[in-house]
Amino acid sequence: DAKTTQPNSMESNEEEPVHLPCNHSTISGTDYIHWYRQLPSQGPEYVIHGLTSNVNNRMASLAIAEDRKSSTLILHRATLRDAAVYYCILRDRYNQGGKLIFGQGTELSVKP
Amino acid sequence: DAGVIQSPRHEVTEMGQEVTLRCKPISGHNSLFWYRQTMMRGLELLIYFNNNVPIDDSGMPEDRFSAKMPNASFSTLKIQPSEPRDSAVYFCASTSSTSSSGNTIYFGEGSWLTVV
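These protein sequence lines map, in sequence, to chains A and B. The letter at position 72 of the first sequence is residue 72 when you use the working numbering, and the numbering goes up by one with no holes. Heads up: take any position in the second sequence, counting from 1, add 1000, and you land on the working numbering.
Please keep in mind that the hints were generated in silico from the structure rather than gathered at the bench. Quick caveat: nothing in here was measured; it's all calculated off a predicted structure. A portion of the hints provided could be inaccurate.
To be verified - Pairwise CB distance ranges (calculated):
hint, chain 1, residue 1, chain 2, residue 2, range
1, A, Q42, B, V1012, 17 to 27 Å
2, A, T26, B, S1058, 12 to 22 Å
3, A, K69, B, D1056, 25 to 35 Å
4, A, E66, B, P1070, 39 to 49 Å
5, B, F1074, A, N8, 48 to 58 Å
6, A, R77, B, E1109, 20 to 30 Å
7, B, P1070, A, E15, 27 to 37 Å
8, B, R1064, A, L80, 35 to 45 Å
9, A, E66, B, T1020, 42 to 52 Å
10, A, E45, B, T1020, 19 to 29 Å
11, B, E1044, A, L80, 26 to 36 Å
12, B, R1022, A, K69, 36 to 46 Å
13, B, G1028, A, R58, 15 to 25 Å
14, A, K69, B, N1071, 39 to 49 Å
What the hints assert, rightly or not - If you only want the chain B side, here are some residues facing chain A, beta carbon under 8 Å, derived:
hint, residue
15, M1039
16, L1045
17, D1056
18, F1065
19, F1074
20, A1088
21, F1091
22, T1104
Every residue gets a Cβ at the ideal spot worked out from N, C-alpha and C, and that includes glycine.
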């Protein structure tokens, strides 16, 4: 499985945008880029995913570099409830029943 | 939908006892995963099933761990005998493998196991 690299931790102020980076230089052409987050004392939850184009949903935006070797999860206005560990994960598009392999993720803290 | 349902939510047991964790995946999902989370090792995939068949159990720590999926709506993870180092949060997750657009995996709330 291709690996991802994320900073261990990041800080943000409430109501400011947050950009969470992820490097995946060994990504293959069939890998989707998935982001999950884990709030304290909860299971991981889906945030967003993409293949080549930038993606938006109600939770966040995903900006994917043109060469697909990196991506950025964007929270447009961080709230205290966004404090969580954010995981960037690659997943083969042809193996949709397949596993998610979690790295260490980025622990985001949000200051009021 | 009720989501992925796990039981028990919390369990404290003595070393040497058998522990059985249970999972009901989301109706219609045909892939099921068992993960374990500890501070030291993070989230580790233990085993996953597709259409009730174990596909990859390479993450199962040792013979003390076993998992079954007798039907599409139920799975168990058993530890026998349990040891203090098995203390962790165990997550069950499910998804449907039929879509081609990158399926979401849904996680349960976890079973918090303490072995003393």
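Hint by hint, here is what the structure shows:
no.	hint	result
1	A/Q42 to B/V1012: 17 to 27 Å	20 Å, holds
2	A/T26 to B/S1058: 12 to 22 Å	21 Å, holds
3	A/K69 to B/D1056: 25 to 35 Å	27 Å, holds
4	A/E66 to B/P1070: 39 to 49 Å	48 Å, holds
5	B/F1074 to A/N8: 48 to 58 Å	38 Å, violated
6	A/R77 to B/E1109: 20 to 30 Å	27 Å, holds
7	B/P1070 to A/E15: 27 to 37 Å	49 Å, violated
8	B/R1064 to A/L80: 35 to 45 Å	41 Å, holds
9	A/E66 to B/T1020: 42 to 52 Å	50 Å, holds
10	A/E45 to B/T1020: 19 to 29 Å	26 Å, holds
11	B/E1044 to A/L80: 26 to 36 Å	29 Å, holds
12	B/R1022 to A/K69: 36 to 46 Å	41 Å, holds
13	B/G1028 to A/R58: 15 to 25 Å	23 Å, holds
14	A/K69 to B/N1071: 39 to 49 Å	43 Å, holds
15	M1039	11 Å, violated
16	L1045	5 Å, holds
17	D1056	7 Å, holds
18	F1065	17 Å, violated
19	F1074	18 Å, violated
20	A1088	13 Å, violated
21	F1091	5 Å, holds
22	T1104	4 Å, holds
The structure shown violates the earlier hints numbered 5, 7, 15, 18, 19 and 20.
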